[in-house]
Every structure is written in structure tokens, then in C-alpha cells.
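Colleague: Next come the chains, spelled out residue by residue.
2 protein chains.
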Amino acid sequence: MSDTAMPSLKTRFIPADPARVTFTGGFWDSWTRTVREVTIPTQHQRLEEEGFLEVLDFGKPPGPLARPIQPSGLSMQHFFDSDFGKWIEAASYTLKTHPNPEIEAKIDAIVEKLEQGQMADGYLNSWFIRREPDKRWTNLRDLHEMYSMGHLLEGAVAYFQATGKRRFLDVMIRAVDHIIDTFGPEPGKLRGYDAHEEIELALVKLYRVTRDPRHLALATFFIDERGQMPSYYDEEARRRGENPADYVYQTYAYSQAHRPVREQTQVVGHAVRAMYLLSAMVDLAHENDDPTLKAACDRLFANLVERQLYVTGGLGPSASNEGFTREFDLPNETAYAETCAAVALGFFAHRMAQLDLDSRYTDRLETVLYNGALSGISRDGEHYFYENVLESHGQNRRWKWHYCPCCPTNIARMITSLGQYVYSAAGDALAVHLYAAGTGELELDGRLVRLTQETRYPWEGDVAIRLTLENPAELTLHLRIPGWCRQARLTVNGEAVDLATVTEKGYAAIRRLWANGDEIRLGFDMPVDRLYAHPAVSEDAGRVALSRGPVVYCVEEVDLGTEPQRLRLPADAPIQAQFEPDLLGGATVLTGEALEAQAADWAGLYRTAPPALKPRRFKAVPYHLWANREAGAMLVWLNEK
Amino acid sequence: MSDTAMPSLKTRFIPADPARVTFTGGFWDSWTRTVREVTIPTQHQRLEEEGFLEVLDFGKPPGPLARPIQPSGLSMQHFFDSDFGKWIEAASYTLKTHPNPEIEAKIDAIVEKLEQGQMADGYLNSWFIRREPDKRWTNLRDLHEMYSMGHLLEGAVAYFQATGKRRFLDVMIRAVDHIIDTFGPEPGKLRGYDAHEEIELALVKLYRVTRDPRHLALATFFIDERGQMPSYYDEEARRRGENPADYVYQTYAYSQAHRPVREQTQVVGHAVRAMYLLSAMVDLAHENDDPTLKAACDRLFANLVERQLYVTGGLGPSASNEGFTREFDLPNETAYAETCAAVALGFFAHRMAQLDLDSRYTDRLETVLYNGALSGISRDGEHYFYENVLESHGQNRRWKWHYCPCCPTNIARMITSLGQYVYSAAGDALAVHLYAAGTGELELDGRLVRLTQETRYPWEGDVAIRLTLENPAELTLHLRIPGWCRQARLTVNGEAVDLATVTEKGYAAIRRLWANGDEIRLGFDMPVDRLYAHPAVSEDAGRVALSRGPVVYCVEEVDLGTEPQRLRLPADAPIQAQFEPDLLGGATVLTGEALEAQAADWAGLYRTAPPALKPRRFKAVPYHLWANREAGAMLVWLNEK
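In the order they appear, the protein sequences are chains A and B. For the first sequence, my numbering gives the first residue as 1, with consecutive numbering after it. For the second sequence, my numbering gives the first residue as 1, with consecutive numbering after it.
Just so you know, not all the hints are guaranteed correct.
You can't tell identical chains apart in this list, so a pair holds if it fits in one copy or across any two.
[As the list claims (entries may be wrong)] List of simulated lysine to aspartate or glutamate pairs, EDC-like, C-alpha gap at most 20 Å:
| no. | residue 1 | residue 2 |
| --- | --- | --- |
| 1 | 135 | 234 |
| 2 | 641 | 572 |
| 3 | 614 | 640 |
| 4 | 619 | 559 |
| 5 | 10 | 358 |
| 6 | 619 | 580 |
| 7 | 10 | 443 |
| 8 | 400 | 630 |
| 9 | 113 | 102 |
| 10 | 113 | 49 |
Please keep in mind that the hints were generated in silico from the structure rather than gathered at the bench. Given the structure is predicted, the values throughout are model-derived calculations rather than measurements.
Just chain A, with the same shape it has in the complex:
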């Protein structure tokens, strides 16, 4: 074991530069290509067509709002800037490997407008500058002011890293300077923090570029201040002449601001906010070597995965607060499970794994990548889901655009930066978190190491990894053994390695003198699994979900010919897996024989005899591919017989 396997909080694995990870001929090659070639350009087109970009016409008077302002005082337009930020970020990740002057020009045009609109003191938010300049910083509780700036900041960092152009970054550093002038613990400054977390993690990204301690200090201030009582939001409401008790969402738990973050024991409130907060907390645990933050992250991660997470990696069951309700409340048909929340869980889990190499984090990253986040984008790359239900009677259809289009750019930036999730490095150690055909290049103590993966993962469980390095070097390779896998094999240059001996916390650590051409082979048995939910999840009682490897399956009416809710799957029914090359670009499907509850002999709604059952073959498809064909019902949790 290398001691980097259990890094101190000041040591972390550094994710690969996504521009140095390429995908070849496999699952992610296909998806990254779709997002790069279809999603990125069409998202800009939508921003244009739908009038979003007009909010950056700072010289002109603002137009009417497309939608009424919500009871909270928030309009969607308050945070259009965040969509530009996320789109720029998503696009930036593609530019080094696939230069695209047209896209770059579109980004530059946005940056130019932002620069022109920026106020003399650095303030930058298109809503307040154009509509209510005197109301800036008067309502952090409801209006997403710093949330929007945070996404612009993430975009600016990504664009700078992709192109080396500083203009956008400098605009955003000035905006951050303005925030530093306005907020902080010093006398005369406001002790506020945005109710929608985002700026905190963006500031850490900025700090990692600038190394300006003020950037880190601001993020730290926001996190430390969050949830302190008396609440800033109470004071702020009173300053606006409002009664804090009239707060639409009733509790600051909606924004994880009901108590200090280190004292929180249950993941609560708006799910995306919660995940962005936790992502920032991991970042700060590392940067500030703060075990109290790490402990809170551990506790809240455990609470999430043990009590509040859908089998798909979706989270936040309720539409009313876009978030969490009670523990174990995981309704299927009304699941909100916002795409953004699953994406953000990926951010959080990924950060945890870099600080504490443990597959229980990466397992959940993998879950959202193949299921609850990926389901947010259509196979054609230009239709989306906001809610990711686990059951439908056919009413849920993907849309081309949404009045609140936060999800499309979020899943896009996750996929265009996917390389960073596959590999990471710390000193002379290298971790392989995900298996995907392609190559990755990393620097390990100054040595360039290239890994080339050959695999049909996630459809097959065999992975061959070849190393390319100039000179032999003693390195530790950490190879993730996925949590879903009950039988794994590992060979190095043909020699079997005893996984039980070398595996800790779900990563097999192989330290040796590695040489050019060395080959690792991993074999993960990938049977069809029947998954059962904890008895406290009453919605899944008597039900079973099918998965294979990291992929969760569902049954769609388009395949079954009737509503999958009619199926009863015998507990011992054999289920076969086979690859269907013509299904939406190719996917492994599951087939088997189940029973179908018969309706023909029913006269009314209720009777004393149970429905008659007749055999019915079924096919299950990967959940992330659902709703890409004919409209119809869908079910993840099948009724078991």
C-alpha cells in the first residue's frame, strides 16, 4: 500500500485534465461525441431562439418577462446568467481536443457583453444591472445573485484553462473582488451568503487557478457563516420591510441554512443546493485541512446513500421543494429526482473519492453517470428531462427546451469533462475510477504515464489496461473494484493477483516497477442482479429492480406492448442479457419470461379474486435510454410474484 491510498486532507488525488482523456469506440465515445457535436451547438441555438441571450443587451431597456414571477419573488430570468456560465463551461471542455472557432466566437461574444455590462465596481448580474440596480444584494435568500455569478465563474475558469484567454477570467475576478468588498466577517461588510450554493465551489476552482488566498477565504467565509443564528435571511427580510415568517419555503432547511453546516446530520432541502454545498465542503476540507468539514461530508454522504437515494442515483423526491422530504421517501411515479441533482451528486462523490479513495463514493458517481444523470439527456443529444421519474404511465416526455433550462447544460458539462472522472493522480499513485475504452495521460511526479483501456464496459466486464511510459517506474496503480461486482479477477502481465490481499475500500492497489507495455486485465462478473429496497421504502415493497453492472434497467411499454405495471416477475425467472446493436446506438438488454395480470375478465374496479396471470416475455432496457422511442409507460421497480 502506498500511503497515498489514504491521503491526509491536504493530500488529494488530482483529477485528470479532461482534455487529456479520450474515448475510443465505446459507450462514452458515443455520448461525448453526441454532446460535443449536437448538444453544445443546439444549446446555444436554444439560448438564442428562446431570448435568453437578450438579457445581455445591457444597452437596451429590458423586455417583458416570459413567465410570471414566482411567489418567492424569483423569476427564471433572475438566473439566466447561470445558463451562459454552464454552457460556456460545457463547451470549453471540448475546445482543446476539438477546436471549434465558431463556438469560441459565440463564447467570446457572450464574454464581451458581460464585460460591457459589468458595473464599475465589478458587480455582474444581468438581472439586477438592467432591472433593479438599487436592489442588488438585498435578497440573498431568494434571488440567486451569487449562484449566477458562481456559474459564470466556473465557465470563466474552464474557458481560461481551455484557451488560455484571460478576458472572461479577469471579468469574473473583478466580480469576485466586488463580492469580497461587500461580504465577509470584517466590520462594515455583510455577513450574508447565497441561499443557492454554487459560488463556494466556483471560488475554490478560481483559487486553484489564482492561488489568491482571498478567493479561498471568501468561500470559507460563506461556508462557515451558513446557518449561523440569528439568520442573515431574517435580518435581510426585515431590512426589506418583510416579516421573515412569511418566507415561502417556511424553513431555511430548504437552503441548508437552518443550522451551521458542521452540525447538519441529514441531507435536507433543495437537492441541487445540497449537493453543491457538499461539493464545496469537500473542497474546503482539503484546502483548509479541515477534518470537521470532512466529518460533516462523511455523515451527510452516508445519510444520502443509506436513506435518501433512488436506485438510479436520482435524489430529491419532491417537486414542492425540488428536494428532500422524510428519509426513505422514494416515490417512483412522482419522483422529482432533478437531473441537476444527480449531476451534482456526481460532483460531490467524485470530490470525496479524491480525498478518500473509497469505491463507495465512486460507485455513486458511476450510478449517476449510467443512470439518473444520463437519463436527463436524450440519445439524440437535444432533448431533456428535468424530472427523472422511475415510473410513468406515458405522460413523461422529453422536451427540447424548458423555461428553467438548468439541467441541459449541467449534464452537458458533466459529459464533456468526463475524462476528469476516469483517472486521477497523487504523487506516484494513479487511480483508475471508471472503465471506458480510450486513453488517458497523467503526470506522476513529473513522469508522463499513458493508460489505454480496451473494454466494452458497461456492457461487458472485461477490461484490458496497457501502460505507456518512457522508463520503468515504481508507481502505485489503484484500480477500482466496483461495489456492484461480487466476483472480480485481476492479472498483471498475465499473472493473477489476489484481490482480497490488495484491495482496500474498493480499490486494488498494485505497487510495482511498471514498465512500458505492461498490461493489466480486470474481469468483473456481470450477472443480471435483482435489487431489493430497504423495507422502509414502502413504494418498493414487493418490487424488484433489475441491474447489470452499473446499469439499472427499466421496462418500457414500447417493448412490452402493454403497461409494464401489469408485469409480475417470478422470483426465480431466469433473465438473459444480450447486446442489441440496433437499439439506440447499441445497448445490452435483458429478456425473460414474466407474467401479465389480465384485465379482460374484470367487470369493475375491485373484486375478491386476484387478477389471472398469463406468461408474457419482456425486455428491459437501460433506464438512461428510456423515452427515446414511442411514448408509453415505463417502470423500474417491477412487481415481483
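Position chain B against the provided structure of chain A, taking the given hints into account.
Modeller: What follows is chain B alone, placed relative to chain A:
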């Protein structure tokens, strides 16, 4: 068979005068007493305490609204008048049998205020008179103007019938005269109708008192006009300077006004509205001898009971429109199933049965009486449910008052007028629809007939009915054989009657020369039934509901000691019924042995092995009694193993 068993539309059974039906020592004795002694006085107290009665202070300027106006433009206060109307109606039904000068004085005080406030032209609605007199009759789509008047009218009719006092009735006749002056097919009149049905059935009640053909004609006009295109609501919105497309509920199906009532094939929209509409349609089918209306009622009743009705008799699953969604959509935990809707289904079903003696109607009346309507009131008679869910995790608690208190007075008026549902008469025929210990008096062709029932129904299935009449008379007695009963027995003076021969559409017809002291004995086998739902009701797949006789059962956490969602009921588990005298006034409970899914050995949310099961005894209690004890989870549809 008497030919009155299949009455023409101009023949109907006339419900008993509720004041001539008394309950003695049984189920309904207890409930009618509670409502009379507790519910009626405390409801007036709530109306007073909560400031409802202040809206009748016509001389004073109106006070501030307790709640913001809804996006539709409606405030709760728009229809406070309806609560007075329903409370007066509920109280009136008790006054003949239980004179109560205090209650009568409170009613007279309300009537006096209404009379003082009534405008010179007869218009009567406290909201518009006090707040927006120039806006009266400008928005029938949203503001419940005639709905409120309709309930006052029902109250006035009931009060007149109870006391003979005409003052309230005369006030309301003047109000109706004003409506007749304003609305109708004649040139110069508005062709409008209220989006919340109610006035229509109230006008028929009035007509049955006044025999004034204008009262019937107005109700007929409203029904005939409903849903005609172009829509009155479109015109009306344009007159207000609004775009009809901005209608909050998007479709006039919300108010059953999307197409003419005779063309409707599916019960849609707001559930209470739908049931009030259908009740009026039955009334008018009879009064106008209109088979086209009866055909629509038949079609819509069948649609409701075959595709859209909870096993409890609850209806309207969705909170968003307080009504119907797609067919077979019957979610349990999010069931809206408003108390008022179940009460109103009772009104509709009862009316159908009087026109067409068929137990399929009375069966549903009985279902709501013992389940989905009665669940709306607590055993102590002063706490209520608005939503009647079929599953809870403990969050649903009964309230003492509600900002929209339509349900408490609705269930109260149903119970205080219960006698009318038990018996009815047509010519020389008498129908016994419900079994309840007590006596009823009816006039049959001028002869007084008294029936005395001795029974422990619904806890036991034996009923003895003794006749009291001065002289022997040839009469037909129609005795309902409940649809839930698979084995029934009937004797007359000890002699067995072959039910198969005499029963049609769920009523056994016995025509003979009946004499004083004749005794009928009915025996209804009452085993515990396991009910299964139609396979299209996906929420109930793999689940079973327990019922016995007309009573649907549920399991409560307070009895089980854990969430009933953890239970798995083996398909062959024997279940015992026994009467528990100390349970909330006495009730038959069900007990048996089931299995409990174990949580102790779970490490996370999902695993590949199903939960371990351990035996667990359970007790089920009548659904209508739930949430009268310690807070906790509840379940009607148990998971079957």
C-alpha cells in the same frame, strides 16, 4: 314484481323525511348523536371564532383577508356564504326531532343578517355586496357566486321544512328571482352558468317546495347551457379584458364545461363539482322526464365506479385540480379524495337509486357512508379530514378547522339527514336501502307504515324488520341485498323466501298482504373479504385490501407498533373478526398473522437479497376510524405475500 320497481323517469321513490327516521342503539345512533350534540354546535363556534360570521356584517366596512387570493382570483372568503348555508342545512335536519332553541336562534340571526344585506334587486352574496358590488356576475368561471347562493338556498329549504318558518326561504326566492331576471335563454339575459355546480340541484329542491315552474326552468337552463360552444367563459373573460387562454386551470373540463353535459363520457375535473352536476342531472332527468340526461348519468356513473373510484368510495385523486386525472389513477398516499366529493357521490348515487332501483347505486352510497365520507369526521365529532388518503406515513392528522372548511358541514348535513337514505317510497312500494337499528315512518298511498329494524349492522349481517301498520295492505317491500354479500337469506314471518326468484338489480321485492307485526329477517353472510384492484390500478399491484360487509379496513401503526407498510400478508392467512367494545365507541376489528419485512440486517438502501420476513400479528380497524388515536402510519392496501 311491482311495476314501481322499474320506475319511468317521471316515477321515482321519494326519500323518507329524515325527521321520521330515528336510530336506536346502533352504529348510526352513535354517529347521529355525535353530530347533533357536538358537531353542529362546535361548527357554529368555529364559524364565529374564525371570523366567518363577520362577512355578514353588511353595515361595516370589510376586514382584511385572512389568506391571499389564489391565482384564479378566488379567495376562500368568496364562498363563506356556502358554509353558512351548509351549516344551517345540517342543523335544520335535527330540529324536528331534537328541538334546540339556541341553534334556531343562531340560524335566525344569520338569516336576519342575510335579509338585511340582500340588495334591493334580490342579489345576495356577501363578498360582492360588501367588496365589489360592481363586479357581480362578471366572473362565473372563477368566483363561486351562484355556488354560494345554491348552498344558502339548500339551507333555506331545509330550514323551512324543519320549522315552517318562511323568512329565509323568501329571502332566497327573491335571490332566485334576481337570477331569473339576469340569466336565461331570453334575449337580453346572460347565457352564463356557474363553474362550480350547486345552484342547479338547489333549484330543484326549491321547485319541489314551490312548484314554481320558473325554478325548474332555471335549473334546466343552466344544465342545458353548460359546455355549449363558444364558451360563455371565453366571452366573459374577454369582457373582463382578459385572454381566455390565461385560464389558470387551462381547460373547462375542470368545471365539466368543456362540452355539453349529454355528450360527456368520462367524469372529469373537480370532483365535487362533477358530483353536484350529476346530482342535478338526475333530478332534472326525473322532473323533465328526460332520458338523454339519464343516459348521461348512467354512462358517467359507470365510468366513475369502473375506472375512477377508490375502494373507500373516495374520488378525485389529485390535489392540483381537486379532482380526476387519467382513468385508473388511484394513488394511495397522495390521494386527495376530498370528503365533500365522497359525500356528493352519496347524493348522486342516492338520487340514481330513487329513479332506478338498483343496488349498484346504493352499494356506492353505502361505501361512502361507512368509509370515504365518514372518514372525513373524527369520532369525537369535531376534527376533520379534507383529504382522505389511503396510505400515510403519519403526517396526516385531523384538524379542528380549515381555511377552506367546506367538508365539515358537508359530512354533517349528510349524517343529520341520514334517514332519507335509509327508506323511500313510491305508490304502494317501499324500499329499504340501508340497514340500521331504529325506526322509519313512511306514507304509502296515504297509509302510514312504520318499520322497526333490529340489527348490529354493519358489524353483523342479521337484520330483523318488523312492520307496524293499522290495517293489512298489499304492498311491495324492496329490500336491498348488498352487492358485497355473496350469501343472503330472507324469511317472512319465519318462512324462507327464495332470493334468486324475487331479487332484481340487487333488491328483493316482496309483494303481499302485509299485516301489523309481520317480521322480515335478513341474513347477510359477512366473511372477511380480500379485495383486489383491477390490474390497471398500478398502485395496488400485489396488494390486497380487507373488507367485511360494507366496511373497508386499514392497519394503523398505533396498533401494529411499526409502519404497516412493512407487513406482508400471506394469501392464505386466516383472518378473524371480533367486536371490540372499547375501541372508539365499539367496532369490529380484524386480526391475523402476517409477516414483517425486517430492517435490522440492512446496511444500505439496496441489496440483492429480499428482506427477511418474520411473523407478526396484526389488527385492522375500520378505515373510517383511522387517525383518531396516536399519530402514525396507516395503510389500506396491504402488501400481499
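Colleague: Name the hints, by number, that the structure is in violation of.
Modeller: none
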